[in-house]
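Chemist: If you want the building blocks of each chain, they are given just below.
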Amino acid sequence: MSEQHSKPDNSKMITRLLASVVLMFAFGFALVPLYEKFCEVTGFNGRTNNSAAAGSDGNLVDTTRLVTIEFHTRVNRGLPWEFSSEVRRLQVHPGETTTVNFTASNHTNRDMTGQALPSVAPGEAAPYLLKTECFCFQNQPLAAGDTAVMPMQFYVDPDIPNHIRTFTLSYMMYDMTEAAAQGRVVVDTSE
Amino acid sequence: MSTVVDTHHEHDDHHDHKPTGIKRWLFTTNHKDIGSLYLLFSFLMFFAGGTMALVIRAELFQPGMQIVDPHFFNQMTTMHGLIMVFGAVMPAFTGLANWMIPMMIGAPDMALPRMNNWSFWILPFAFIIMLSSMLMPGGGPAFGWTFYAPLSTTYSTDSTALFVFAIHIMGISSIMGAINVIVTIMNMRAPGMTYMRMPLFVWTWFITAFLLIAVMPVLAGVVTMVLTDKYFATSFFDAAGGGDPVLFQHLFWFFGHPEVYIMILPSFGIVSAIIPAFARKPLFGYASMVYATAAIAGLSFLVWAHHMFTTGMPVFASLFFMYMTMLIAVPTGVKIFNWVSTMWRGSMTFEPPMLFALAFVILFTIGGFSGIMLAITPVDFQYHDTYFVVAHFHYVLVSGAVFSIMAAAYYWLPKWSGFMPDEGLAKLHFWCSVISVNILFFPMHFVGLAGMPRRIPDYALQFADINAIVSVGAFLFGFSQLIFLAVVVKCMAKKGQAAVAKPWEGAEGLEWDVPSPAPYHTFDTPPKIEAPIR
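Heads up: the sequence lines are chains H and Z, in that order. So for the first sequence, my numbering puts the first residue at 1; every next one is plus one. So for the second sequence, my numbering puts the first residue at 192; every next one is plus one.
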């Protein structure tokens with residue numbers, strides 16, 4: 001009876017299909033770094049480059065236009081800290097290096113560690129915000145009851161498109177006390 | 192593997208030999224037995240998920256908290272979605288594939304019968320795990336069937352681990368089923384059954400199987416990331432650790448959008464079998480149907496972010512996903528046009544399968560239209576996460592996918608059971624269902640447009656009247672399904688009018704060449720196909 005079907009090789013096809021399954025499973029995980037890279041290049045998720053940029057070439061300051069930056073600070077749910085910026089709004093020329101101070105206070109009676117993570121809206125502006133120095137490059141240990149003034153030095157890339165007149169830089173402060181204690185200190189490692 | 196395929200040929204001299212009792216069902220490798228198991232399992236899950244829907248609608252009958260607490264309500268919306276998607280609709284289609292694909296292509300069985308047995312029998316365990324997680328302290332999954340991070344990571348209870356494993360098992364089951372379908376269709380077609388002679392149900396399932404293989408592993412990856420984020424200190428979706436919660440939505444919907452086509456493409460195949468049978472005309476535009484199905488499947492990978500317009504995407508991305516989504520209306524429109532053209536000047540009769548198929552065409556089109564409305568990025572900001580979305584996907588999934596499964600059941604029950612479904616009861620079931628499903632889902636459009644959010648146990652007073660109507664529709668629809676149960680039980684009990692080999696005058700296809708009920712083994716000698724069978 002078995003000659004009725006000209007038996008094509010099932011096992012070969014099964015191997016191929018199983019290989020596609022494994023491949024797609026791996027693809028799901030590969031999407032994580034791909035997404036990160038994509039966001040870094042396009043500013044898609046508003047994440048700024050969280051490592052120090054080279055200083056601005058003072059000659060390239062574009063004095064013909066001004067860009068407004070709005071600062072926004074928040075603490076994550078459950079973190080009893082106060083976190084604010086000294087200015088809410090700032091107008092800068094592209095290329096001009098500016099320093100803004102942020103203040104964080106630990107209102108608890110225990111030593112804690114925080115980590116501020118930046119986000120820029122619209123995301124399109126994110127690649128043009130270049131920080132030469134920022135508290136957000138490391139985590140911020142704060143002893144019980146302490147207050148720290150934390151500087152951020154930055155300039156706006158003169159290549160920023162003309163239609164971006166205003167953007168918002170938002171910092172969310174996360175509680176990293178536990179992670180720091182376990183040695184899982186997390187600083188954004190994206191280059 | 193080929194030795195497994197061989198085992199059936201030895202049975203040839205004693206054709207209907209099979210083990211009896213529970214062993215027959217536990218160890219069966221017969222595609223008809225496994226098809227029946229899948230269909231009965233999905234029927235059970237349909238009632239389980241339906242009961243949860245009625246808990247939801249009972250709570251929403253009036254504003255204020257009446258019956259359940261909000262956390263339990265959230266578990267109900269979550270479990271209702273998961274059970275209907277993974278427990279009712281997908282296994283029902285796999286059951287239909289098991290029963291019909293070998294008979295439609297003239298094969299003696301599925302290509303991988305032993306794996307077929309596995310892919311069914313791991314399913315009940317997956318659902319036992321998932322349902323029993325509701326008995327854990329803190330309750331079961333309550334983050335919606337979409338399990339967005341951080342709801343499923345930071346804010347979920349420990350039952351999440353069980354949820355993840357249950358999804359893994361369901362995924363493995365679906366993948367095995369899909370591999371089986373592909374190998375069967377590619378290797379076991381009868382001589383002369385060329386690809387472009389295959390019935391459309393076979394074609395649509397063939398394409399669906401490839402979608403399953405492409406996206407179920409991605410779902411497995413996402414739930415694994417949720418598991419490690421929650422228990423093993425990874426930060427895929429945790430912003431504090433350098434991850435991104437929006438990434439979850441990208442990964443989930445990369446699976447999720449092809450998934451919704453997995454739940455509708457086989458429906459297209461069913462309707463393409465039934466409408467020609469009862470219009471007594473060959474299907475209009477067979478080839479365009481095949482290409483349209485393939486086009487829908489291809490486009491389904493390029494539209495996922497239309498679920499995420501409100502996450503703050505750049506305008507360019509919003510526009511891309513908006514246009515891609517609208518493009519899907521073109522191949523879908525081709526299909527609807529072909530069905531209508533098939534009926535045009537046909538000699539139509541309105542037996543129960545045809546009634547459900549017609550309701551499918553009309554109501555699915557309504558769901559398609561609300562889909563186009565949702566695709567428009569600027570207005571989606573208003574519709575997002577409202578009852579308008581709920582109305583949309585219930586039109587395409589209940590009066591779409593579920594109606595097509597019912598149409599399929601009425602169409603092929605004579606072949607499965609050897610008895611005609613009780614026509615009076617079936618028509619009663621149809622009219623009760625089609626009226627109540629519209630009372631249930633149509634008014635949801637209005638409360639949605641007026642701003643009522645989905646997944647909430649309580650709502651503002653101005654939505655009270657419409658919610659009361661919707662709840663009445665829900666109970667009518669739910670209890671109407673007991674009529675369907677009665678029809679199926681009657682056929683299974685071998686009561687009623689005995690069916691002939693081809694009970695529907697205009698039906699075409701190899702499945703009608705074998706007697707009713709279909710013998711345990713069919714097409715041990717493959718038929719020779721001379722002319723296209725549509």
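Just so you know, the hints here were simulated from the structure itself, not pulled from any lab data. There may be inaccurate statements among the hints.
[As the list claims (entries may be wrong)] Stretch-level coverage of chain H by chain Z, calculated; a stretch enters the list once three of its residues show a Cβ under 8 Å from a Cβ in chain Z:
(1) 109 to 122
(2) 125 to 138
(3) 145 to 155
(4) 170 to 177
For every residue, glycine included, the Cβ atom is placed at its ideal position computed from N, Cα and C.
Chemist: What hints, given by number in increasing order, does this structure fail?
Modeler: Going through the list in order, the structure violates hints 2, 3 and respects the others.
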